[in-house]
Amino acid sequence: MFNIERWQEIFEAISKNRLRTFLTGVSVASGIFILVILLGAGKGLQNGIEKQFERDAAGIIEVWSGTTTKEYKGLNPGRQIQFRNSDYNQSVQKFEDKLDLRASTNNYWGQAFAYGKESGSYQFRGVNPDYGGIENLTIVQGRYINAKDLESNAKVAVIGMKLKNDLLKDKEAIGEEILINNINFKVVGVFTDPGGEREETRAYLPLTTVQKTFGGGDKISNLFFTLKKTKDYDEALAQSEKFTQDLKDLLKSKNVVDPEDDGGVGVYNSVKDAKQFYDLNLYIRLFFWWVGICTIIAGVVGVSNIMLIIVKERTKEIGIRKALGASPFSIITMILHESIFITTIAGFVGLLASLALLEFVGPMVQSEYFRNPEVDFSVALTTLVLLVFAGAMAGFFPAYRAAKIKPIVALRDE
Amino acid sequence: MIEIKDLHKSYKMGSSELHVLKGINFNIEEGELVAIMGSSGSGKSTLLNILGILDEADSGSYILDKTPIKKLNETLASKYRNKFLGFVFQSFNLINYKSALDNVAMPLYYQGVKRKERYDIAMKYLEKVGLGSHVHHLPNELSGGQKQRVAIARALASNPKVLLADEPTGALDTKTSYEVMELIQGINDEGKTILIVTHEPDIAAMCKRNVVLKDGLIIDDKKVEQVRASSYV
Numbered sequence: 001m002f003n004i005e006r007w008q009e010i011f012e013a014i015s016k017n018r019l020r021t022f023l024t025g026v027s028v029a030s031g032i033f034i035l036v037i038l039l040g041a042g043k044g045l046q047n048g049i050e051k052q053f054e055r056d057a058a059g060i061i062e063v064w065s066g067t068t069t070k071e072y073k074g075l076n077p078g079r080q081i082q083f084r085n086s087d088y089n090q091s092v093q094k095f096e097d098k099l100d101l102r103a104s105t106n107n108y109w110g111q112a113f114a115y116g117k118e119s120g121s122y123q124f125r126g127v128n129p130d131y132g133g134i135e136n137l138t139i140v141q142g143r144y145i146n147a148k149d150l151e152s153n154a155k156v157a158v159i160g161m162k163l164k165n166d167l168l169k170d171k172e173a174i175g176e177e178i179l180i181n182n183i184n185f186k187v188v189g190v191f192t193d194p195g196g197e198r199e200e201t202r203a204y205l206p207l208t209t210v211q212k213t214f215g216g217g218d219k220i221s222n223l224f225f226t227l228k229k230t231k232d233y234d235e236a237l238a239q240s241e242k243f244t245q246d247l248k249d250l251l252k253s254k255n256v257v258d259p260e261d262d263g264g265v266g267v268y269n270s271v272k273d274a275k276q277f278y279d280l281n282l283y284i285r286l287f288f289w290w291v292g293i294c295t296i297i298a299g300v301v302g303v304s305n306i307m308l309i310i311v312k313e314r315t316k317e318i319g320i321r322k323a324l325g326a327s328p329f330s331i332i333t334m335i336l337h338e339s340i341f342i343t344t345i346a347g348f349v350g351l352l353a354s355l356a357l358l359e360f361v362g363p364m365v366q367s368e369y370f371r372n373p374e375v376d377f378s379v380a381l382t383t384l385v386l387l388v389f390a391g392a393m394a395g396f397f398p399a400y401r402a403a404k405i406k407p408i409v410a411l412r413d414e
Numbered sequence: 001m002i003e004i005k006d007l008h009k010s011y012k013m014g015s016s017e018l019h020v021l022k023g024i025n026f027n028i029e030e031g032e033l034v035a036i037m038g039s040s041g042s043g044k045s046t047l048l049n050i051l052g053i054l055d056e057a058d059s060g061s062y063i064l065d066k067t068p069i070k071k072l073n074e075t076l077a078s079k080y081r082n083k084f085l086g087f088v089f090q091s092f093n094l095i096n097y098k099s100a101l102d103n104v105a106m107p108l109y110y111q112g113v114k115r116k117e118r119y120d121i122a123m124k125y126l127e128k129v130g131l132g133s134h135v136h137h138l139p140n141e142l143s144g145g146q147k148q149r150v151a152i153a154r155a156l157a158s159n160p161k162v163l164l165a166d167e168p169t170g171a172l173d174t175k176t177s178y179e180v181m182e183l184i185q186g187i188n189d190e191g192k193t194i195l196i197v198t199h200e201p202d203i204a205a206m207c208k209r210n211v212v213l214k215d216g217l218i219i220d221d222k223k224v225e226q227v228r229a230s231s232y233v
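Heads up: the sequence lines are chains Y and P, in that order.
Using our numbering, the letters of the first sequence correspond one by one to residues 1 to 414.
Using our numbering, the letters of the second sequence correspond one by one to residues 1 to 233.
No lab work stands behind these hints, which were simulated from the structure alone.
Where hints are given, some of them may not hold.
[As the list claims (entries may be wrong)] One side only, chain P facing chain Y, incomplete, derived with CB under 10 Å:
{"id": "1", "residue": "Phe26"}
{"id": "2", "residue": "Ile28"}
{"id": "3", "residue": "Ile53"}
{"id": "4", "residue": "Tyr62"}
{"id": "5", "residue": "Lys71"}
{"id": "6", "residue": "Asn96"}
{"id": "7", "residue": "Gln111"}
{"id": "8", "residue": "Gly112"}
{"id": "9", "residue": "Ser158"}
Remember, predicted model here, so these are calculated numbers, not experimental data.
Cβ atoms here follow ideal geometry from the backbone N, Cα and C, with glycine treated the same way.
Please take these sequences and the hints and turn them into a complete structure.
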C-alpha cells in the first residue's frame, strides 16, 4: 500500500494545483466544522432543557421508616423502626459504585424560630452537603451547608427565601443570628427551591449539629439517593428498581423486618415518574441527529460535486497519462489517493477548529436554555471517516469512468 | 516491425455509418521514416490512432514487433503503449502543471523506474533535443517549438520501438517545423522507426517513404529521396 513514488507524484499534483486543493479542503473542513458545531449546540440545548425540567434532581429514591405490620423472628408487629447513621453508612458502602448523590436527613417539624421581635413555627432539617443537589436548591445568597460545618458541628443555618422574608424582612440575612428552639444559629445562606414556597419555609442545618444539639443521638429520618445517569429511560428504570429492591432488603434485614412487610421500611422510586423527562431528552437528541445527518448529506453532496469537477478537469491529463502507459488501475488509485489524502487532512482541520471553538467559546454563551455545549469525540471522528469515505466514493465513479474511456477521446477533450 | 492486413474501421455518426478505413495493407521495416499523407478525412489520423493502440480496428490484423494487437483490455493496451510506442501530438499534450523534466520523466514513472534514474534519463533526452537549459520550465513558459521538443524527448524517454507523430509540425511555423524535422531525422538516423502523419508535402519530402491515403484506401506507396532538413535551416 505504501508506495513512496506514488506519494511523490500526488504531492506534486497537490502542490501544483493549489486552488483545487484549497477548494476541496475548504468544503470538507467546513462540512465537518458545521456538523460538529451543530451537534455541540444540540447537546448544549439538551443540557439547558434538562436543567429547566429538574424540580428535584431527576430520579430521586427516598427511604423512610414506619411501623411494622408483621411478626418477624419473635418480634411483635407495630414496632416503630428508627433509622440511624449506621443504616445510611452501610447503604452507601454497599452501593457506592452505583450512587450519584446520597444524603441522610433528620427532620423536625413545627419548631420555634425567632429573630428580634418576629417569631413563628417552621421546619428544620439536619442535612449533609449532597442534600442541596437532591432538593435541587439554588443558593441566592451566601453558601450551602458544607463538609466543614458537619465536622465542626457548626451552629449555622441555610434558610429558605420565604422564611427569610417572614423573619428578617428586608434585612441582609447573611451573618445574622436567629434563634431555633432558643439556640443561636448563624445564617450563612439563603436558598430558593424550584419545588415552591412551602419548601422555602425550611431551614437546613448541619446533620451532626442537629443530632448533638437537639438530642437526636445518631437518629436519622430519611435517606435520599440518586443513581448515576444512564442513556435511556428503560435502563434507568431497570437499574433503579433493582437498586430499590436491594436497598429495601438491606435495611429490612438490618432492622429485623419481615422481607414481605412494607410497613417498616418504605422506599419511593421517582424514576418511575421520570419517563416524560427522558422522552423529552430523547426527542431533542433525535432532532439534532436528524439535523446532523442532513448536514452530513449536504457535506457528502458538496464533496462529491467537487470530485466530479476535478475528474472532469483532469480528463485530458488522464488521456495523456494513458497514452504514456498509465493503466486504468493506476489512474483510479492516483485520483482516490489524492482525494482521500486531502479530505482527511482538511477534515481533521475542521474537526480541530470546531472542537476548539466549542471548548473556548462554549462556556461564554451559557443561558437558561443553553449550557455546556459539547460533542462526543468518537461521534465527530465517525463523521469524519464517513465524509472521507463519501469523498472517495464520489471520486471513484468518475475516476473509474475516466480511466475507462479511450485515451483518444480523453485527448480530444479541451 | 509493423504488419497490417486488411484493416477496417467505421464510426457511427447518428443513424449513418462512416466507413473511414476500407482495407489497409502495408508493412513497415525497422529504421524506416514513413510519412502518411492525405487530405483531411482521408483516414490518416484514424490509422495512426489504431497503430498507436489508442483506438481499435473493427477487423483486420495488426502485428507490432511480433506481438499481435487484438482485443486488448485497457491494462494490457497501456502496457504495450508504454513498452512499444512513443507519441508526438500536434497539440503537444504536455501536462501543464509539470515542468519539462517531469513531463519527460512520466513514461518512466509508469515503467516503474526509480525517481533518481528517471530524472537522469529525462535529463539526457532533454539535452539531446537541445533543451538542457530549460528543464525546470513549465510548458506555458516555452515556445511552440520548444514544447514539441519536450514532447519528442518524452516520446523517446521510454525507449520505444516506434515513434508515432500526428502532425508534429501542424502548429508550428515553417522555420520551427524544419528544426523539429531536423531533430526527427537525427533520431531516425540512429535507427529508430518513425511514422509521421502530415498533409504538408515539404515535411513528407523529408521522410524516406511516402504513403498516400484517399477515402480510406492507400492509393500510393513509394520510397523517396530524403531531403535533409538541415539544408533549409
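Hints, verified against the model:
1. Interface restraint check for phenylalanine 26 (chain P): the shortest CB-CB distance to chain Y comes to about 21 Å, outside 10 Å, so the restraint is violated.
2. The beta carbon of isoleucine 28 (chain P) comes no nearer than 20 Å to any beta carbon in chain Y, farther than 10 Å, and the hint placing it at the interface is violated.
3. A cut of 10 Å between beta carbons decides the hint on isoleucine 53 (chain P): the least distance to chain Y is about 9 Å, and the hint holds.
4. A distance limit of 10 Å between C-beta atoms decides the matter here; for tyrosine 62 (chain P) the minimum to chain Y is near 16 Å, and the interface restraint is violated.
5. For lysine 71 (chain P), the interface hint is violated, since its Cβ never comes within 10 Å of a Cβ in chain Y; the closest pair sits about 14 Å apart.
6. The restraint placing asparagine 96 (chain P) at the interface with chain Y holds, with a minimum CB-CB distance near 8 Å, inside the 10 Å limit.
7. With its C-beta approaching chain Y no nearer than about 7 Å, glutamine 111 (chain P) sits inside the 10 Å limit, and its interface hint holds.
8. Given hint, glycine 112 (chain P) at the interface with chain Y, holds; its Cβ is 8 Å from that chain's nearest Cβ, closer than 10 Å.
9. The interface hint given for serine 158 (chain P) holds, since its Cβ lies 7 Å from the closest Cβ of chain Y, which is under the 10 Å cut-off.
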